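K.L.:
The residues making up each chain are set out below.
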Amino acid sequence: MKQQFPVGIGGLIFIMLYLASVIFVGWYARRKETRGSLDDYFLGNRAIGAFVLFFTLYATQYSGNTMLGYPGQAYRIGYSWLQSVTFMIGVITGYLLFAPRLHILSKKYRYLTPTDYLYDRTNSRAVAVVAAVLMIWGLGNYLLEQLVAVGHLFEGISGGLVSYTWGIIFFSLVMAILVHEGGFRGVIWGDTIQGITLLLGLFITLGLIMTTFGGLPQAAAKLAAQKPALLGVPKPEANLTWYSTLFLIGIGAAVYPQAIQRIYAAKNENTLKRSFAVMAFMPFVTTFFVFMVGIVAAAAFSHLGTIQADQVFPMLLTPVMQGSAFGYVMGLIVLAAVGAAIMSTADSVLLTMASVVTKDFYSNLNPQAPEERLVYVGRVANWVILVVLALIAWRPLATLWRLTEIKFELMIHVAPAFLLALYWKRMSTLPTLLGMIAGAVLSSVMSLSGYAKYLGIHSGVWGLALNVLIVVVGSWLVQPSAAEVERVQRRHFDLFEKAGLGVPRVAGVVGAGPREEKGASIQ
Amino acid sequence: MRRQIIEPLAVRWIWVLFLIFYLFAVPWMFPTGSYRPIIMGFPYWAFVVLLASLGIAFLTSFAILRYWNLEDLLEEERSKEERGGGK
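Top to bottom, those sequences are chains A and B.
Quick note: to get this note's numbering, add 414 to the position in the first sequence (first position is 1).
Quick note: to get this note's numbering, add 18 to the position in the second sequence (first position is 1).
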């Protein structure tokens, strides 16, 4: 089913102007660039202040799937989709597990990509390459998801005038120019505009839909009569899946490579802390709002199919926009917010993918390449990645939600390497490598053979359990050399241990640190 | 002014509280299929889930602002290096 946004020619002009402003941001950001600097192109010279950092984290974390896929999920499963509020908060909780130490180490050793840290910690090119491959796979799916969403969006808002395919091509072109020209600075400045647009659009969406279709009380009363299953406490297995989702996304999204790069790029610890502290509350004005849209839709439209359910957002918006000039203008802002959610996630993911390709692959194959050359390769990589993914986007695999699950199932396998490496000095290279591979293989095989969930638990979580088991048991069996132990101690643990911050007492249990509030004090 | 070097992971009671909040963030303890009373458009159990989620958000934010200070480690190291002639 095609989306039916009645935007007309005025709406299309509005969207064109919006996209033109994105290109302008890229052009302007390039004027501020330090030429030929990888740090500048991929991390904005590591000088991102709290305001911009907050909006780039916000706009990047909430994607096209949040705006288009999540209402459909609320439509399908009802009130248990409140889990989307919890798991988005859980992502910020997940940062608590590694961001404090990783930020400090990244300032000390100037890491550029997530795998830079893993390479430094394990001294293994194989670990870095496998982690980079998993990240590229996950990010590729993430970007693909945004392209599919934007294809449908363009087709819908133009009433079929712009086809799905041309929508993807047009959007990709604008994004490629932004990232090519502006680099990280262009992306985060764009994210700031897009984050504000997204917030504005969310508030307008809620206001419009609640006033047109009635609020939650009416929706709940109607559902109690027509679809009581959507209101009821889920079955035990569904509750287990709920926990599995909280775990999968809380850990998996926290170690998103683009998120890790923002930890590197923060100007200082204070800016990072302030941004995360506010981010913890953003699900209440983002996924919670979107959840309410889905519940109202469930009461307004009954008996939609699985694919149709992904279209409930435009279905609700259509009568609002047709109802009045005010509704039309507000609707345009909401559409811009959907576009902003897609663009802000896609551009960040694209740049991170380009940095991984450039630094983790090209630079390793050409270690003598000058920095200026690497920046050039990074710019070219943006275009190549987009062309490849746009070609794949012609054949979307499943509903938007299923695409999300596929990326988590693989990308989550870099998490143990990060989380254990930061606190457990005994973690050895070979088991880390084998754990990542075995976990990723198990998750993939389960998903491909129809076991995306087993006993209610996602294949990604089963794979993660295997991954952690191999790393922990293997590290107890395989001892690193004395020289390696000394190197790791000096580079990664001395700094923290001198300040009284220890390592876990129980192998593999990250939560066990030194005694409560026993950190050192300095003047 | 004394600033404590600390990281959230080192504060155990926070993680115990997280565990409690997460226990209530999924409605496993309520009878399957039940939804009355409905309060302001929410089944009773959804209120519990929302409150638990709010608790997780507050605790996360609190842990970040109160128990995260590692940057002084770098400052201290830099000043030591300067005092030691940049060794």
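None of these hints come from the bench; they were simulated from the model.
Being a predicted model, the structure only gives us computed values, none of them experimental.
Hints are supplied without guarantee of correctness; some may be wrong.
Below are the DSSO-like pairs computed for lysine-lysine, each with C-alpha atoms no more than 30 Å apart in a straight line [unchecked claim]:
| no. | chain 1 | residue 1 | chain 2 | residue 2 |
| --- | --- | --- | --- | --- |
| 1 | A | K649 | A | K446 |
| 2 | A | K636 | A | K521 |
| 3 | A | K867 | A | K681 |
| 4 | A | K641 | B | K98 |
| 5 | A | K649 | A | K839 |
| 6 | A | K867 | A | K522 |
| 7 | B | K98 | A | K912 |
| 8 | A | K446 | B | K98 |
| 9 | B | K98 | A | K521 |
| 10 | A | K521 | A | K912 |
| 11 | A | K649 | B | K98 |
K.L.:
Taking the hints in turn, state whether each one holds.
P.N.:
Verification of the supplied hints:
Between K649/A and K446/A the alpha-carbon distance is near 55 Å, which puts this suggested pair outside the 30 Å criterion. The suggested pairing of K636/A with K521/A is violated, with an alpha-carbon distance near 55 Å, which exceeds 30 Å. Distance check on the hinted pair: K867/A and K681/A sit about 41 Å apart at the alpha-carbon level, beyond 30 Å; violated. For the given pair, K641/A sits about 67 Å from K98/B by alpha-carbon distance, which is inconsistent with the 30 Å threshold.
Proximity of K649/A to K839/A is assessed by CA-CA distance (about 42 Å); at most 30 Å being required, the pair is judged violated. As the CA atoms of K867/A and K522/A are separated by approximately 41 Å, the hinted pair breaks the 30 Å bound. A threshold of 30 Å between alpha carbons decides the hint, and for K98/B with K912/A the separation of about 13 Å falls inside it, so the pair holds. Proximity of K446/A to K98/B is assessed by CA-CA distance (about 34 Å); at most 30 Å being required, the pair is judged violated.
Distance hint between K98/B and K521/A is fulfilled; the C-alpha atoms sit about 17 Å from each other, no more than 30 Å. Between K521/A and K912/A the CA atoms are separated by roughly 18 Å; this keeps the pair inside 30 Å, and the hint holds. Proximity of K649/A to K98/B is assessed by CA-CA distance (about 59 Å); at most 30 Å being required, the pair is judged violated.
Going through the hint list in order, the structure does not satisfy hints 1, 2, 3, 4, 5, 6, 8 and 11.
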